[in-house]
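2 protein chains.
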Amino acid sequence: MAKVLHLILGRVAFRLNLIYSIMLKYKVLSVSLFVFSFLISTQSLAQKSDSIVIREIFDMELTQGKSYSNLYDLCTKVGNRLSGSEGAKKAVQWAKQVMDDMDLDTVYLQAFEAPNWKRGTIENAFLLNDGSEKIPLTISALGHSVGTNGKPIIAEVIEIKSWEEMDELGDEKLKGKIVFLNRPGDPKYIDTFHSYGGCVDQRVWGASRAGKYGALAVIARSATVTVHGFAHTGVMVYEDGIEKIPAVAISTEHAEFLSNSINKNKGAKISLELNCEMQGTAIEHNVIGEIRGSKYPEEIIVVGGHLDSWDVGQGAHDDGAGCVHSMEVLQLFKMMNYRPDRTVRCVLWMNEENGVKGAIKYAEVAKEKGEKHIAAIESDRGGFTPRGFDVAGEDAVKEQAYKKLQEWKELFKPYKLHHFEYGYGGVDINKLKDQGPALFGFVPDSQRYFDHHHTHNDNIEGVNKRELEMGSASIASLVYLLSEYGMTVPF
Amino acid sequence: MAKVLHLILGRVAFRLNLIYSIMLKYKVLSVSLFVFSFLISTQSLAQKSDSIVIREIFDMELTQGKSYSNLYDLCTKVGNRLSGSEGAKKAVQWAKQVMDDMDLDTVYLQAFEAPNWKRGTIENAFLLNDGSEKIPLTISALGHSVGTNGKPIIAEVIEIKSWEEMDELGDEKLKGKIVFLNRPGDPKYIDTFHSYGGCVDQRVWGASRAGKYGALAVIARSATVTVHGFAHTGVMVYEDGIEKIPAVAISTEHAEFLSNSINKNKGAKISLELNCEMQGTAIEHNVIGEIRGSKYPEEIIVVGGHLDSWDVGQGAHDDGAGCVHSMEVLQLFKMMNYRPDRTVRCVLWMNEENGVKGAIKYAEVAKEKGEKHIAAIESDRGGFTPRGFDVAGEDAVKEQAYKKLQEWKELFKPYKLHHFEYGYGGVDINKLKDQGPALFGFVPDSQRYFDHHHTHNDNIEGVNKRELEMGSASIASLVYLLSEYGMTVPF
Numbered sequence: 004m005a006k007v008l009h010l011i012l013g014r015v016a017f018r019l020n021l022i023y024s025i026m027l028k029y030k031v032l033s034v035s036l037f038v039f040s041f042l043i044s045t046q047s048l049a050q051k052s053d054s055i056v057i058r059e060i061f062d063m064e065l066t067q068g069k070s071y072s073n074l075y076d077l078c079t080k081v082g083n084r085l086s087g088s089e090g091a092k093k094a095v096q097w098a099k100q101v102m103d104d105m106d107l108d109t110v111y112l113q114a115f116e117a118p119n120w121k122r123g124t125i126e127n128a129f130l131l132n133d134g135s136e137k138i139p140l141t142i143s144a145l146g147h148s149v150g151t152n153g154k155p156i157i158a159e160v161i162e163i164k165s166w167e168e169m170d171e172l173g174d175e176k177l178k179g180k181i182v183f184l185n186r187p188g189d190p191k192y193i194d195t196f197h198s199y200g201g202c203v204d205q206r207v208w209g210a211s212r213a214g215k216y217g218a219l220a221v222i223a224r225s226a227t228v229t230v231h232g233f234a235h236t237g238v239m240v241y242e243d244g245i246e247k248i249p250a251v252a253i254s255t256e257h258a259e260f261l262s263n264s265i266n267k268n269k270g271a272k273i274s275l276e277l278n279c280e281m282q283g284t285a286i287e288h289n290v291i292g293e294i295r296g297s298k299y300p301e302e303i304i305v306v307g308g309h310l311d312s313w314d315v316g317q318g319a320h321d322d323g324a325g326c327v328h329s330m331e332v333l334q335l336f337k338m339m340n341y342r343p344d345r346t347v348r349c350v351l352w353m354n355e356e357n358g359v360k361g362a363i364k365y366a367e368v369a370k371e372k373g374e375k376h377i378a379a380i381e382s383d384r385g386g387f388t389p390r391g392f393d394v395a396g397e398d399a400v401k402e403q404a405y406k407k408l409q410e411w412k413e414l415f416k417p418y419k420l421h422h423f424e425y426g427y428g429g430v431d432i433n434k435l436k437d438q439g440p441a442l443f444g445f446v447p448d449s450q451r452y453f454d455h456h457h458t459h460n461d462n463i464e465g466v467n468k469r470e471l472e473m474g475s476a477s478i479a480s481l482v483y484l485l486s487e488y489g490m491t492v493p494f
Numbered sequence: 004m005a006k007v008l009h010l011i012l013g014r015v016a017f018r019l020n021l022i023y024s025i026m027l028k029y030k031v032l033s034v035s036l037f038v039f040s041f042l043i044s045t046q047s048l049a050q051k052s053d054s055i056v057i058r059e060i061f062d063m064e065l066t067q068g069k070s071y072s073n074l075y076d077l078c079t080k081v082g083n084r085l086s087g088s089e090g091a092k093k094a095v096q097w098a099k100q101v102m103d104d105m106d107l108d109t110v111y112l113q114a115f116e117a118p119n120w121k122r123g124t125i126e127n128a129f130l131l132n133d134g135s136e137k138i139p140l141t142i143s144a145l146g147h148s149v150g151t152n153g154k155p156i157i158a159e160v161i162e163i164k165s166w167e168e169m170d171e172l173g174d175e176k177l178k179g180k181i182v183f184l185n186r187p188g189d190p191k192y193i194d195t196f197h198s199y200g201g202c203v204d205q206r207v208w209g210a211s212r213a214g215k216y217g218a219l220a221v222i223a224r225s226a227t228v229t230v231h232g233f234a235h236t237g238v239m240v241y242e243d244g245i246e247k248i249p250a251v252a253i254s255t256e257h258a259e260f261l262s263n264s265i266n267k268n269k270g271a272k273i274s275l276e277l278n279c280e281m282q283g284t285a286i287e288h289n290v291i292g293e294i295r296g297s298k299y300p301e302e303i304i305v306v307g308g309h310l311d312s313w314d315v316g317q318g319a320h321d322d323g324a325g326c327v328h329s330m331e332v333l334q335l336f337k338m339m340n341y342r343p344d345r346t347v348r349c350v351l352w353m354n355e356e357n358g359v360k361g362a363i364k365y366a367e368v369a370k371e372k373g374e375k376h377i378a379a380i381e382s383d384r385g386g387f388t389p390r391g392f393d394v395a396g397e398d399a400v401k402e403q404a405y406k407k408l409q410e411w412k413e414l415f416k417p418y419k420l421h422h423f424e425y426g427y428g429g430v431d432i433n434k435l436k437d438q439g440p441a442l443f444g445f446v447p448d449s450q451r452y453f454d455h456h457h458t459h460n461d462n463i464e465g466v467n468k469r470e471l472e473m474g475s476a477s478i479a480s481l482v483y484l485l486s487e488y489g490m491t492v493p494f
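Protein chains in written order, with this note's numbering: chain A, 4 to 494; chain B, 4 to 494.
To be clear, the hints were calculated from the coordinates, so they are not data collected in a lab.
Please read all numbers here as calculations on a predicted model, not as lab measurements.
Backbone N, C-alpha and C define an ideal beta-carbon position, used for all residues, glycine too.
Listed below are several chain A residues computed to face chain B (Cβ distance under 7 Å; list not exhaustive): (1) D62; (2) L65; (3) Y418; (4) H421; (5) Q450; (6) N467; (7) E470.
Please construct the entire structure, taking both the sequences and the accompanying hints into account.
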């Protein structure tokens, strides 16, 4: 009994202390609210305070937020920014300046070596239906692809719908041909990332698998469930020991056109010319800014997105949105004059798209320094209406994080977030996983993401200001809760 | 004990009967599934069957749905369609043809009289900052506004932010002036319909309130939280006994520009010219199609949207989306070869925008015929990602409907619907309320709706195919459940 009483009193004291510290931070909670709060249960009291703070975060963002103007600048003043490009350099300077202007406790760059692939100036494909017809196809060289050695490859095109079909055809039918991988994403998945996951293997592994059978080049149907006229680039991988052959994506619309055309005109050829090439490596930089925690500065909460993008469009949803979401967490805390208990660090990783070298570097340095990351949140699924968070990490912390999310989810209900499930954190924060933080993947609505992803169509025009702002406020709210309540790192 | 046993057996028999009827309808459930199902509880068995059917509805829609192609046709072949216009006539014929082609049990038109307002050919406003400067403003005459009698009104413009301010200024300051109502929608609301609800009074009542004080015309800030360059038209109302003065909406961007300009240049004038006018009434038509119920044909489930739109843009989200959603319910049931137990009736109401005469007519006829409407679902909030349903109606049935939604909501979880709350059904189905049906308002994501609503920007380009399809499948799933389980009408 005494022990129970002790526990209860301890809990009350903790809550009162918490409430008081929040009151000091915000000056919005009057004494009358404090007295009123005291009359209700301590649990609901703390919840009430949190709900007030979260309401303030959303109000601030929806009325004075800088997410959209920042993204507008990144898209229009910097533009796309593949590792090694001039755009990447400008993006690093731009992001550093934005964070410098926030008057944070520290802002710095973190250098590392990243692949330096260049698209080049020649990129075209034509369907040659007969001697006279030459129909241009909407294609995009895949990242890390080799070029065509100064002249077009002209060869018969063979459509293939599955890896089994490719293996059956083998050397005999594929040697000297251009292989056209045309398995569509499945529209029946409700989450479009699942459709993407079910067809992106063609983009990543197509060149190696077809190269093994002596094919001259690969054309992969764009990894999107949307049927439209944009080619979706993205990274591909050459397996060791297999001849490197050029690889491009074709728009889904032209994939359907090409399929119909070659069914009507068997033996049709394609002319493909590219002068893309890998040019060794380049020095790149992560951009990092932080607010030091007032009580537990050694406990770090990371929030981030990736600053690089593909070299087409403006990288608005992928992942300009994630960058401005993450910077906005610090911006909001500064605007609200809120100093978190724990250190909140915004990390904009470079080179997520073709190497993940930025995240690898960040995790290495964290380990070397013996830093204690209690949580990491990644936003890399676009700037659409927020639906919730996936939770991931090592088993022990993942379960703890899941339980906390279930406790907190009522706080997000007024903002229509409802998804708080085990899932995937993100490519960049995953590199921190073995250091023990809880990993959270921000989950916005997925329906429109693959209308834009890795295309010339990923521009500021495709971003809705309010949807973007709602994402920033949602992430800031989770960071606030993590900062207040912490997370026990298991090792 | 005997009574409990009887209840249990009765429940098992009911479930088995239900399962069997579903099996007959779908032929997709094998005997093995039946045997397996028998081994688990009867409650979860019925739920399993429903979950399979709902999965089939979504699969069908996401792979073979006609929602988007129908909306594309409505937008591009018919275009906008205000009551009394040629567009409205074409829309009625188009919708009847689409439903005729579905081979329904009946398709018919329902005639009634509706207001016939015409925008006319002259619609312009200029800010006259001084003698020489003449700056065009983006405006749109409000529906039912009078014109300016063959010549521009030129007068000083007075900006007003609240009704209180207007009443304070009164005759003395407003007589002979053009009143500019510039109270913005509140961006802090998460649901943009609430922001709209908080500022649309300026559009509706501005002319009467300013007319009372002798103002010559009213310019109302567009009723949207979005700051952009489109003027949002919409209906306005003249109070009896007050001089009718012309009323227009100004784009939010130009509202801010105008506000800044007249603050710098006190006494600035505006020139406003309109030749819009009310031309009596026109005969209009609701379009109705139905599948008769196999077991309880007298129990009617209505699903509908409004076929009219404003006379700008294409009426894509408002409410082409709701029309194709509703027609798609019948389309899906036909494609799935599913005959519902209860009658499912698609009603496309005409004249929702400026009179609601179609819904009034429909409700009158239903009452005359003594029809028994057990439920009515309205889709009139755009074609965005579905979030759930609002439930409304007379108290007794509303509570019953709410309870059923809570039972059913797990079935919608795989499709990420999560909102099942008391709320608002819709303008058109509300006319049926006193006849006792449960009213359901389809709730899609609201963030982008007021980027389009009542503007030249409400076009097919603003509609995402998958988001639209997800809406159709969600509504069809609710109609399926209502058809299977019914709803008790209290009177």
